[in-house]
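Q: Residue strings, one per chain:
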Amino acid sequence: MATIHVDGKQYEVDGADNLLQACLSLGLDVPYFCWHPALGSVGACRQCAVKQYSDENDTRGRLVMSCMTPATDNSWISIDDEEAKAFRASVIEWLMINHPHDCPVCEEGGHCHLQDMTVMTGHNQRRYRFSKRTHVNQELGPFIAHEMNRCIACYRCVRYYKDYAGGTDLGVFGANDQVYFGRVEDGTLESEFSGNLTEVCPTGVFTDKTHSERYNRKWDMQFAPSICHGCASGCNTSPGERYGEIRRIENRFNGSVNHYFLCDRGRFGYGYVNREDRPRQPIVQRSKLTMGIDAALDQAAGLLNRRRIIGIGSPRASLESNFALRELVGAEDFFSGIAREELDNIQLVRQILQDGPLPVASIRDMEAHDAVFVLGEDLTQTAARIALALRQAARGKATELAKAAGIQDWHQAAVQNIAQGAQNPVFIASLDSTRLDDIAAESVHAAPDDLARLGCAVAHAIDPSAPAVAGLESEAAELAERIAQALLAAKRPLLVSGASLGSRAIIEAAANIAQALKNRQKNASISLVVPEANSMGMAMLLAGESADKSVEAALAALSAGQYDALVVLENDLYRRADKASVDAALAAVGVIIAADHQQTPTTDRAHLLLPASSFAEGDGTLVSQEGRAQRFFQVFDPSYYKPEVLIREGWRWMHALRSTLLGQPVDWTTLDQVTAACAQVHPRLAPITEAAPDAGFRIRGLKLARSPHRYSGRTAMRANLSVHEPRQPQDPDSAFAFSMEGYAGSREQRQQVPFAWSPGWNSPQAWNKFQDEVGGHLRSGDPGVRLFDGARMDLHWTAPPAAFAPAQGTWQVVALHHLFGSEENSSRAAPIQERMPQPYIALAEAEAARLGVNEGALLGFTLGTEVLQLPLRISADLPLGVAGLPAGLPSIPPLTSNAVVTELREAAQ
Amino acid sequence: MTTLIKTDRFTLSDAERAAIEQEMHHYEDPRAASIEALKIVQQQRGWVPDGAADAIGEILGIPASDVEGVATFYSQIFRQPVGRHIIRVCDSMTCYIGGHESILDSIQGQLGIGPGQTTADNRFTLLPVCCLGNCDKAPALMIDDDTFGDVSADGVAALLEAYP
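Those protein sequences? They're chains Z and W, same order as listed. The C-terminal residue of the first sequence carries number 909 in the numbering used here, and the numbering is unbroken. The C-terminal residue of the second sequence carries number 1164 in the numbering used here, and the numbering is unbroken.
Don't read these hints as lab results, they were simulated from the structure. Beta carbons: idealized from backbone N, C-alpha and C, even for Gly. Warning: the hint list may mix true and false statements.
[Unchecked claim] Residues from chain W that keep clear of chain Z, each with C-beta distances beyond 10 Å, as calculated:
#1 K1039
#2 E1058
#3 A1162
[As the list claims (entries may be wrong)] Going by beta-carbon spacing under 10 Å, a handful of chain Z positions derived as facing chain W:
#4 V158
#5 G167
#6 G174
#7 Q420
#8 Y743
This is chain W alone, in the form it adopts within the complex:
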């Protein structure tokens, strides 16, 4: 038997629970709060552990399979632990032409991680993302909530410095 997902030993914190319940009341159908609920958990923990689907489903009154369906559909809901900071490097067409590969190489050189990987010190996770809406400033990347444009391979080191 292969266990894809283990759901035991997960409980929502009181703060998460309260935030989800509040979010739920913004919608006619509690199901509509699924994404917000997942974001709340991710905000608290950095990612969404396996058992969260059951716990959120219970609050919203929907099956865990529905919550898990939403959680696995969206690439920005993390279903594995991530580092303290998320680097999102845009790999869409404009940034590709603008030289996004040199950015990736630079990050790889400095941190030793490729897309989808996390540094050993748990400081950074590198993820590809499709378009940050900054095509006029390609190549673009995002670190946590900060967006940077016209990034150069040489300038990456300085950017990363600001995120201990």
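Looking at chain Z on its own, in the form it has when it is part of the complex:
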């Protein structure tokens, strides 16, 4: 701690900070541009100047850049000093000389850091009246719009894109007042994290192109604290709605998870919410007859009455919805909706994280590890936010070297310079090359079983009591030794693996390594990635079950005629099991009721389709890969704009169905009731009620506003229906109001923040005002509750599998994941579709040469019962004997780890 004196007042601050951080953490306003909590200081923009005095008797003082000056003990500074104020006013005037002052047509307007800082500095009169330099803009792909004239040359974009996110195709060109930030030539920004440029850029150079066509100001939107449903990372988001459409997704700061950054799937993959073809009324599929809620419930009850009902839930639906379905059909007849192999793997992951020897790292905490081993997971594609965190773990070496040389961690240019590219070791063992290989000390590519063998060898090298791997090639054994040594040499090693390859052996190998690290008393952490937003929640819901709850078991029971009716919740069974068995099962059952927010091949087969809510129209709880239960809240009520829309949360449908069927009154009228009931299922789920404040939470007697104070046009937005403005929709499920009325500030304690705003701070930098220290954690605690922090136990060793040896003429099918395309919902969004690859079959170079086929050649092959034709993609790194297929893409059947491709040959043209 250090004592500093700011404008005559004494404060206690963290002496390791710079003066800018210290002042912002104290809640004092100092304007800045080039500094960013996650990017550190470079002292480029000169905006944060303050007056520093040598002691209390010094009256002259000198101007210093607060971001470049340590907050040493007994510092005397002044923010309000006239000379400092005049200096800052000059700086912003210079920065704004070439700025087009086009706020009225600029999409950054209203959440613009440049606007905020200009107002804060008091620069309100433009004196420059000559011509301004102008730039040609670039076409940067479907996500990001480019308007270089607005640039103030703070360099944040390249520092984020290149240094932080590891991108290579954004650069800075030219010199002095002709500086240009862009690509060498037009083209899509390659980084999977490009969307963060829209928030990192303090002005409107990089804006959200997906928002552009349906644009409105931040202050005219309705927000809610939400959780990204794109993968299991559990990133916190802030979706904004206007006129019944999600218009934009912004990052929501969670100091333990995503802090300032999202991936592009999470930010730009929301389009499925707005699709015209979504079910919005209950519909009888055969007659296409739509009906009201009561009629639908009566119809459904009629269909289900006196029948043996099976329920199939979903890992992309909330805990509450799955639980309500379980209540409807009974625990015995409730199934997970997950394929058997995947479910088994997720349950194994759950056991390892819940009871295993190592603590589970949060995504933020991953950045603080100093050696990483990634086993079998292509993180950029399966849990992208984790990949970004691991880049920071690698970069941690620079901070460590700088610290040894007495350089503060925020001194970004110096830190980077002293490191000269030195990085903490990251080892990546994956199927094919990954987008994280550029930070890898070593990367190796092998078939799943061989990856598992390498993992077991690493465990054995760490702790010889772990089973040895028989017949391991010397090259692999030496690599395992190097990985083990690096993990043992580290202060905090991190192990990352997961279920994306469907290989149990890989997860077991990861468990061996975890146990070995524990046995060597390393302060190590683990992270195991699961496939979907609520895969882990489903695993916990079924934790006490011994019966087979897989899709296969459900389909077999249906085909065997054990049930007369099926209720399937937010799940497309055709993505879970092969078409023939789903067809057979659905044909065997008399009644199918589906609840979903999209039309799927499964809902097409339903007799009655109930319109369920997506994350935008409903509330619920998800459990992330970290075991963090997090609540997402309804963003808007669609029926306010269109009374005919009858979308309800899955749990509301399921519970209403149950009540109708039993002729009982509805017990659960609010989210809190169903969450509380769900928390009873399993002791490990008990804390989920603590994941967010309940609906009774108030600040000074007020609900929390979903919209900023300046929200406009409310009385007019429904005038096409009626000139009489109805009462605003009421929200019994949460502490949020569908209104600008309510608490919206940053001063009072609150963890769930729909949108970041504080007086004078409209941009995402307003998060400063909610944090315990800038860039740290939320003052009221980071949202969510961790479920896996109980007692830790030792695991039994698992023996390594045999070496991979495919039978002659067969290729083992391996799933290659794509950030854009492999996830069901986001792949319905048009901007994501523009980035999706075409379906393909990937083979190693040598395999292609042996078959005598070139890149792009159409190959025919047999996969299970299906005969497919796909163009060839040749991979330089894919191992021999495997055929890679892009998971989840159109025309690609559900993949299992034991599937093989046979009869592979060039298709006749």
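Following the hints, complete the assembly by docking chain W onto the known chain Z.
A: What follows is chain W alone, placed relative to chain Z:
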């Protein structure tokens, strides 16, 4: 769509490639050879064509955007074709007082080009430069690698004669 820079159809000659690779080995970090690599290409071709950024980046193992950043930062790396000879007229303070404008006028009169322009016969390109280190002999100019001091407006013609 506006293409600022076109990168296709550029290949480094064997000589350029060899020279860059040799230069690269003088440095611990190959990135440090960026400027030398650009100078090598410029020496061979008189200027640095658009595609060079990709080609140099590939040899040095750094992104093309980094090479292009360096190439566009330095005013003496030419990103447009120039004439056979470069005239650099100093426009710093001393030469300004010494009469650099009369030099520019004289060149303009004889060659018909202003700063930044190239003669139609591709013989000369005229560029301003800030200080040639000959302040005691202002006004100064440079033609290719030759520096001239105490230049007079009348004497320019004779100087230019030597550069066919």
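Q: With reference to the structure, classify each hint as holding or not holding.
A: Hints, one by one, checked against the model:
At roughly 17 Å, the least C-beta separation between K1039 of chain W and chain Z is larger than 10 Å, which holds for a residue marked as non-interface. Every CB of chain Z is more than 10 Å from the CB of E1058 of chain W (nearest about 12 Å), matching its label as outside the interface. Residue placement check: A1162 of chain W keeps its beta carbon more than 10 Å from all beta carbons of chain Z (closest about 32 Å). Given hint, V158 of chain Z at the interface with chain W, holds; its Cβ is 9 Å from that chain's nearest Cβ, closer than 10 Å.
Annotation: G167 of chain Z was flagged as interfacial toward chain W, and the flag holds, the nearest CB pair being 9 Å apart, inside 10 Å. Because the smallest distance between the Cβ of G174 of chain Z and any Cβ of chain W comes to about 5 Å, under 10 Å, the interface hint for this residue holds. Here the hint on Q420 of chain Z is kept, as its CB sits about 7 Å from the closest CB of chain W, short of 10 Å. Evaluation of the Y743 of chain Z hint against chain W yields a violated restraint, the C-beta minimum of about 45 Å exceeding 10 Å.
In summary, the one numbered hint that this structure violates is 8.
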